[in-house]
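For this one, chain A is given, so just place chain B on it according to the hints.
Below are the chains, spelled out letter by letter.
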Amino acid sequence: MLPFPTCSNFPGRSTLAMWCGGLALLLLACAPAQATPAFARQTGSVCADCHATAYGGGANGPNLTPYGMRFKLSGYTDSNGSGPPIPVAAQLIATHTVPARGEVTSRLTEADIYLAGRLTDHIGAFVKVAADNTGGGNYKVRLAHVDLRFVAPGLQLAGRDLTLGVSVNNSPGFQDPVSALPGASTLGPPGVTGTLLNLSSPNAPANRVIGATLYGVYDSDWYGEIGTYSALSVAAQDSLGYRASGDPGKLGDTGYFRFAWMKDLKRHFFSAGVVALTTSRQRPRGVPADDITDLGYDLTYQYLGTREHIVQLSYVNVYERRDYGNRPLGPAGQLAQAHGAARDQILSASYTWRQTYGITFSHLDSNGTPDAVRFVPYAEPHTTSNLLSLYWVPFGKEGSIARYGNLKLAATWFRFSRFNGTSSNIFGAPPGAPMASADDLDAFSVSISVAF
Amino acid sequence: MIRPSSARPGAFAAAIGLLLVCVLPGTVRGGDVAAGKDAFRSECSECHSISKGRNKKGPSLFGIVGRPAGSLPDYHYTDALRTAHWTWTEDKLRSYLSQRAKTANPGTRMKFDGINDPQELDDLISFLKTVR
Numbered sequence: 001m002l003p004f005p006t007c008s009n010f011p012g013r014s015t016l017a018m019w020c021g022g023l024a025l026l027l028l029a030c031a032p033a034q035a036t037p038a039f040a041r042q043t044g045s046v047c048a049d050c051h052a053t054a055y056g057g058g059a060n061g062p063n064l065t066p067y068g069m070r071f072k073l074s075g076y077t078d079s080n081g082s083g084p085p086i087p088v089a090a091q092l093i094a095t096h097t098v099p100a101r102g103e104v105t106s107r108l109t110e111a112d113i114y115l116a117g118r119l120t121d122h123i124g125a126f127v128k129v130a131a132d133n134t135g136g137g138n139y140k141v142r143l144a145h146v147d148l149r150f151v152a153p154g155l156q157l158a159g160r161d162l163t164l165g166v167s168v169n170n171s172p173g174f175q176d177p178v179s180a181l182p183g184a185s186t187l188g189p190p191g192v193t194g195t196l197l198n199l200s201s202p203n204a205p206a207n208r209v210i211g212a213t214l215y216g217v218y219d220s221d222w223y224g225e226i227g228t229y230s231a232l233s234v235a236a237q238d239s240l241g242y243r244a245s246g247d248p249g250k251l252g253d254t255g256y257f258r259f260a261w262m263k264d265l266k267r268h269f270f271s272a273g274v275v276a277l278t279t280s281r282q283r284p285r286g287v288p289a290d291d292i293t294d295l296g297y298d299l300t301y302q303y304l305g306t307r308e309h310i311v312q313l314s315y316v317n318v319y320e321r322r323d324y325g326n327r328p329l330g331p332a333g334q335l336a337q338a339h340g341a342a343r344d345q346i347l348s349a350s351y352t353w354r355q356t357y358g359i360t361f362s363h364l365d366s367n368g369t370p371d372a373v374r375f376v377p378y379a380e381p382h383t384t385s386n387l388l389s390l391y392w393v394p395f396g397k398e399g400s401i402a403r404y405g406n407l408k409l410a411a412t413w414f415r416f417s418r419f420n421g422t423s424s425n426i427f428g429a430p431p432g433a434p435m436a437s438a439d440d441l442d443a444f445s446v447s448i449s450v451a452f
Numbered sequence: 453m454i455r456p457s458s459a460r461p462g463a464f465a466a467a468i469g470l471l472l473v474c475v476l477p478g479t480v481r482g483g484d485v486a487a488g489k490d491a492f493r494s495e496c497s498e499c500h501s502i503s504k505g506r507n508k509k510g511p512s513l514f515g516i517v518g519r520p521a522g523s524l525p526d527y528h529y530t531d532a533l534r535t536a537h538w539t540w541t542e543d544k545l546r547s548y549l550s551q552r553a554k555t556a557n558p559g560t561r562m563k564f565d566g567i568n569d570p571q572e573l574d575d576l577i578s579f580l581k582t583v584r
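Quick note, the sequences are listed as chains A and B, same order. The working numbering applies: residue 1 is where the first sequence begins, and numbers increase by one. The working numbering applies: residue 453 is where the second sequence begins, and numbers increase by one.
Chain A on its own, in the form it takes in the complex (with noise of 0.2 Å):
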């Protein structure tokens, strides 16, 4: 889990309050952790097979290997063909969390447990229930990740092979391959606006909503999907732990397209992929439907060699084009923007050392048109954000003491240098109030997973 700000120490306004609360689901939403044993156990293989850092990343998601891609694309079914194993698997991760303002706490943050892996010879699933710390003692249990596939392996077309399957999913680009879109890297940047396909933004539908998508894969190098998706009643969501104000709303008409071209030279790993995700969405539930549509592209490279020394390299740029079907008036009257855009973008870089030590930078900008009714106090929703982490993953490589357990460390910094587009009094404090700025949100944390 990312650090997170603890904004109870802001004083004043009821707005504060929000906004901090808000912030603090944003980043909890940037969950890394991919680490499923279950795995290992079920192929013969050791988690740095699949995972540039052996257990699964950094503080950006999965880190897939392009062999972890395949894996992912086969419908988590292949095996080592010894006979089927328990495909269930479990993490704990503790946190020490330092806010630049707010409470330092130590805590058992996280408490997993994984469905996953190969059901049968052509269905799999990666499936993640998380208990969160919401502190007090107190957890929350929440249906994090769906992932169930059906794949049908071996075909031919035209000579070369051809995969094709089927994704039942909760989060738009989780399913995907790469592990660049932020649905799949599990890092979206974070802010007061922000795409359908970033899992930070406000009421994403990430974890909320249900879809299925029907993909292929040719010649190894051509992956191609489409699918649509539709939001869960509220109720549901209550049931499966999320909270009423995240709410994505009523979607229809939804419709996810996918089109990557990805190359395995061994050595070396390239990508380069569009994806789209369109919907007529109704936030709150009612009220006329805005007309949303995301248009992205991603592009990414690995430098794997005899993975001695790993680079990863990805650049994720997402546009939305809103057409509002509701306009609000603001406190001066005035009414709210009829169309707007918005756009995230997520720079990250890795190095990996022997699949033990490793560090990743990421550069998180999120913005959108300026709209006074929208994005108070300033109009302007831009945020702009950096992660740097340091991790050590001891196990999970050939040879390790634990093949079946994995362990890491890690140190992250979460840091804001705009926010509301603004780097000073971001939330608009009259004078002689207190202010907050944007390094007020930064945070430091230190933390141990553990996966077995």
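By construction, these hints were calculated from the structure, which means they are not laboratory data. Please note that the accuracy of each hint is not assured.
[Claimed, not checked] Cut-off 25 Å, straight-line C-alpha distance, at most; resulting in silico cross-link-like pairs (SDA-like, lysine to any residue):
hint: 1; chain 1: A; residue 1: K140; chain 2: A; residue 2: D238
hint: 2; chain 1: B; residue 1: K504; chain 2: A; residue 2: R403
hint: 3; chain 1: B; residue 1: K563; chain 2: A; residue 2: G159
hint: 4; chain 1: A; residue 1: K266; chain 2: B; residue 2: K489
hint: 5; chain 1: B; residue 1: K563; chain 2: A; residue 2: K140
hint: 6; chain 1: A; residue 1: K266; chain 2: B; residue 2: Q551
hint: 7; chain 1: A; residue 1: K263; chain 2: B; residue 2: N568
hint: 8; chain 1: B; residue 1: K563; chain 2: B; residue 2: G505
hint: 9; chain 1: B; residue 1: K554; chain 2: A; residue 2: R160
hint: 10; chain 1: A; residue 1: K266; chain 2: B; residue 2: D526
hint: 11; chain 1: B; residue 1: K554; chain 2: A; residue 2: R321
hint: 12; chain 1: B; residue 1: K489; chain 2: A; residue 2: K140
hint: 13; chain 1: B; residue 1: K554; chain 2: A; residue 2: D161
hint: 14; chain 1: A; residue 1: K397; chain 2: A; residue 2: Y301
hint: 15; chain 1: B; residue 1: K581; chain 2: A; residue 2: R267
hint: 16; chain 1: A; residue 1: K250; chain 2: A; residue 2: R321
hint: 17; chain 1: B; residue 1: K563; chain 2: A; residue 2: A272
hint: 18; chain 1: A; residue 1: K266; chain 2: B; residue 2: F514
Relative to the frame of chain A, chain B by itself:
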């Protein structure tokens, strides 16, 4: 620069040697074990372990050189390999690994595009010979 004429016999011998290496498949070639280990890590290690008795998606390659194909008792082979009736000699490995696995053994589930570089292939086989 004009080379001394004494260099020509050496160059000629090298050319003959290169020709023999290229046209005679059974020629014993020198492979670099360390380079072969790197090749193994890049090309093979995701699917194969070199630990004895440890199968991944593919069978363990411990003692692979000289082993009859499809003979590990605790690995579930395809019929294509179990009925292939060949032995993993150096020549067989060189032939098998120089092409797509599906071409070398139709019906296999092994996904491998082959190694085009003869030196890398020699290095890899030299390394595999040490894994026993």
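How the hints compare with the structure:
1. A:K140 - A:D238: 11 Å, holds
2. B:K504 - A:R403: Between K504 of chain B and R403 of chain A the Cα gap is close to 15 Å, so the pair holds against 25 Å.
3. B:K563 - A:G159: Within the cut-off at roughly 15 Å; holds.
4. A:K266 - B:K489: Distance of about 14 Å is within 25 Å: holds.
5. B:K563 - A:K140: 43 Å, violated
6. A:K266 - B:Q551: 16 Å, holds
7. A:K263 - B:N568: Judged against 25 Å, a Cα distance of about 17 Å means the pair holds.
8. B:K563 - B:G505: With a Cα-Cα distance of about 22 Å, the restraint between K563 of chain B and G505 of chain B holds, given a limit of 25 Å.
9. B:K554 - A:R160: Status holds; Cα separation ~11 Å.
10. A:K266 - B:D526: Violated: K266 of chain A and D526 of chain B sit about 28 Å apart, past 25 Å.
11. B:K554 - A:R321: Violated, because 47 Å separates the two Cα atoms, which is more than 25 Å.
12. B:K489 - A:K140: 48 Å, violated
13. B:K554 - A:D161: Roughly 11 Å between the alpha carbons, so the hint for K554 of chain B and D161 of chain A holds.
14. A:K397 - A:Y301: 23 Å, holds
15. B:K581 - A:R267: 23 Å, holds
16. A:K250 - A:R321: 18 Å, holds
17. B:K563 - A:A272: 23 Å, holds
18. A:K266 - B:F514: 22 Å, holds
In summary, the structure is inconsistent with hints 5, 10, 11 and 12 from the numbered list given earlier, while agreeing with the others.
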